[in-house]
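Protein sequence lines correspond, in order, to chains F and L.
Sequence positions in the first sequence follow this note's numbering and run 25 to 473.
Sequence positions in the second sequence follow this note's numbering and run 4 to 184.
The set of hints was computed from the structure by calculation and includes no laboratory data.
Do not rely on the hints blindly, as some may be mistaken.
[Unchecked claim] Listed below are several chain L residues computed to face chain F (Cβ distance under 10 angstroms; list not exhaustive):
id	residue
1	K114
2	A130
3	R134
[What the hints assert, rightly or not] Have a look at the derived ranges for each label pair, beta carbon to beta carbon:
id	chain 1	residue 1	chain 2	residue 2	range
4	F	I405	L	E170	37 to 47 angstroms
5	L	V182	F	K473	45 to 55 angstroms
6	F	G385	L	G74	58 to 68 angstroms
7	L	A171	F	I405	35 to 45 angstroms
8	L	D67	F	S263	23 to 33 angstroms
9	F	G364	L	E170	53 to 63 angstroms
10	L	R184	F	G385	41 to 51 angstroms
11	F	S263	L	T96	24 to 34 angstroms
12	L	V182	F	N372	36 to 46 angstroms
13	L	R184	F	G364	38 to 48 angstroms
14	F	S263	L	G147	24 to 34 angstroms
15	L	P64	F	E365	57 to 67 angstroms
What you are looking at is a predicted structure, and each value in this text was computed from that prediction instead of being measured.
For glycine and all other residues, C-beta sits at the position ideal for the given N, C-alpha and C.
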Amino acid sequence: MNRLMAGHLPSYNAPAMPKPRPRPTRVVHVLALLIALAAAATRPSWAQMTVEITGVGSQQYPIAVAAFKAEGSAPQDIGAIVRADLSRSGQFRMIDTGDSPIAEDERVDLIQWRARGADTLVVGSVSRLADGRFDVRYRLYDSVKGTQLDGLAYVSPAAEMRLTAHRIADRIYEKLTGDKGVFATRIAYIVQFSPTAYELQIADADGANSQTALRSREPIISPAWSPDGSLLAYVSFESHKPVVYVHTLATGARRAVANFRGSNSAPAFAPDGKNMAVVLTKDGNSEIYLIGIDGSSPRRLTFNDAIDTEPHFSSDGAWIYFTSDRGGGPQIYRMPASGGEAQRITFNGDYNISPRISPDGRLLAYVSRRNDLFQIEVLDIELAQELTVTDTVKDESPSFAPNGRLLLYATEVGGRGILALASTDGRARARITGPSGDIREPCWGPFAK
Amino acid sequence: MRSMRVLFIASAAGLLAAGCASTKLDEKPAPVVDQSKSTAVTPAPAPAPPPVARVEAPVPPPMDPLNDPQGALAKRSVYFDFDKSLIKVEYQTLIEAHGRYLVDHASRQIKIEGNCDERGGREYNLALGQRRADAVRQRMELVGVPVVRIETISFGKEKPKAMGHDEAAWTENRRADIVYR
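Let the sequences and hints guide you as you build the complete structure.
Rendered as structure tokens:
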């Protein structure tokens with residue numbers, strides 16, 4: 025499995041004179057990129073998406089991230105990637121450091137940095153090793169207390185330099201906010217280039233490194249990650265009706281797991297990774313069923329004449345949240361994951377769909393239609409307080425980051441389908457635009473193992 | 004020609020009747036009948052033509068009503084109001100006509116494809132399109148079509164026919180299509 029092992033750098037207390045540099049502990053840094061192409065990519069890979077920050081969080085940590093010192097040229101600008109990650113979270117305000125790189129073993133004047141407005145300072149270096157890999161080191165200082173908060177050394181193959189930068193950003197984020205960072209995660213989404221050209225793509229959480237898992241002349245919707253990130257389920261219309269597939273990312277092998285008479289849709293993996301929920305119409309109208317991830321043993325969970333759709337498991341596997349119009353119009357309900365009596369959750373407005381429960385179970389995100397506008401709401405279940413978290417008005421498909429702090433969703437701006445980010449307090453906002461086509465149906469992947 | 008023969012006989016008879024008086028043979032010859040001035044000759048009636056064999060052209064089979072562009076089955080689409088799957092009165096006859104055709108042609112099967120306009124979530128719209136296709140099927144069941152001959156599926160809002168973003172396009176896309184297999 026993939027395990028990150030990094031050497032801790034000895035603690036270094038500024039502004040004392042630099043101690044002689046101890047021998048760094050060499051560690052093996054094992055990270056495997058899991059994504060493989062399902063079909064030979066005959067066209068060049070899609071260029072990176074553009075991220076535009078349109079709102080910042082209510083609390084922002086002022087941080088200075090210096091350029092990493094590199095001997096010669098490094099394949100990636102680590103400092104720039106870290107800065108972009110932290111900015112995109114909306115929880116950090118970048119203090120300008122100029123262009124001068126600062127290595128992790130250099131003496132720094134933390135009082136000066138504090139005077140410049142930075143509560144924390146990040147410095148580091150990148151060196152090429154004899155075998156072609158890179159030695160990436162960083163330190164995080166608290167310039168208010170004058171102490172080191174973190175220091176690590178990584179050994180990274182050239183192809184994984186972006187991932188290494190994301191890991192550093194994750195560590196900074198965690199040290200300062202107490203929450204796990206999501207900068208090293210991946211997202212899946214669909215791009216429509218024309219009415220006869222669709223692609224299911226996977227990219228890094230910052231939109232870089234997009235890879236195509238499926239190319240089709242017919243629509244693809246509803247991608248869903250397996251809990252361990254190795255599989256994607258989705259609905260494909262390639263047989264001119266909706267069919268649910270489970271797709272193994274590493275090999276590109278896929279299997280139609282729900283291809284019953286009628287429509288098959290809305291796949292959602294159970295947290296145990298062995299079962300999934302789907303919506304089938306084989307026995308009448310749209311109903312929720314549990315099936316094995318290989319498509320075996322369908323078991324019906326809902327039994328009424330109304331539409332029951334969009335099942336989504338809670339992280340503990342105990343509940344399924346879903347959309348039903350059994351009350352007249354679509355609202356969010358939940359039922360025990362093994363089936364049983366459903367309890368209504370949403371009561372504001374007459375159209376609430378696409379439920380997503382946060383990993384800690386405290387927040388419910390959904391799309392609400394009010395006055396012909398579609399926006400994402402976040403309901404604090406315990407406080408029974410609802411907050412509109414987006415400033416866009418054609419929202420679809422909310423998806424929580426695995427740390428529960430950010431929502432990724434699809435919307436439309438200027439006639440183009442784009443992705444967007446919103447923090448759960450509604451303050452931090454960003455828009456993610458692709459180079460071409462309309463992007464839709466995003467789904468945030470799990471923490472990398 | 005008969006008349007010429009008659010004249011010759013008459014002339015010859017006249018010469019004989021005159022006795023044996025010798026008459027020079029180079030007397031005025033017998034008048035030659037100018038055939039060009041013959042009196043009307045009744046043509047002999049033509050023989051009756053041989054009887055014409057009566058060939059029956061193959062009678063074309065009655066046109067399959069499904070293929071009649073002017074017929075009741077030419078229209079295959081049912082349209083719906085926003086957020087609704089109710090079959091409007093104006094489409095009931097059309098659906099029942101297709102239903103009766105299916106009852107009369109036991110080997111035919113259909114697929115009914117439900118669609119929605121672009122507004123709203125994809126999965127909820129998939130279910131709404133399904134409900135529209137099912138509403139059409141239920142109406143056909145009322146006229147006796149066995150359910151097994153109808154598969155209902157939905158495209159939700161994924162396969163719009165009209166690409167605009169206005170009321171006209173939305174109306175066109177809120178639609179169930181009857182597709183014969």
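Structure-based check of each hint:
no.: 1; hint: K114; result: 8 angstroms, holds
no.: 2; hint: A130; result: 4 angstroms, holds
no.: 3; hint: R134; result: 6 angstroms, holds
no.: 4; hint: F:I405 / L:E170: 37 to 47 angstroms; result: 38 angstroms, holds
no.: 5; hint: L:V182 / F:K473: 45 to 55 angstroms; result: 46 angstroms, holds
no.: 6; hint: F:G385 / L:G74: 58 to 68 angstroms; result: 59 angstroms, holds
no.: 7; hint: L:A171 / F:I405: 35 to 45 angstroms; result: 42 angstroms, holds
no.: 8; hint: L:D67 / F:S263: 23 to 33 angstroms; result: 28 angstroms, holds
no.: 9; hint: F:G364 / L:E170: 53 to 63 angstroms; result: 43 angstroms, violated
no.: 10; hint: L:R184 / F:G385: 41 to 51 angstroms; result: 47 angstroms, holds
no.: 11; hint: F:S263 / L:T96: 24 to 34 angstroms; result: 32 angstroms, holds
no.: 12; hint: L:V182 / F:N372: 36 to 46 angstroms; result: 40 angstroms, holds
no.: 13; hint: L:R184 / F:G364: 38 to 48 angstroms; result: 39 angstroms, holds
no.: 14; hint: F:S263 / L:G147: 24 to 34 angstroms; result: 30 angstroms, holds
no.: 15; hint: L:P64 / F:E365: 57 to 67 angstroms; result: 59 angstroms, holds
Hint 9 from the list above is the single one not met by this structure.
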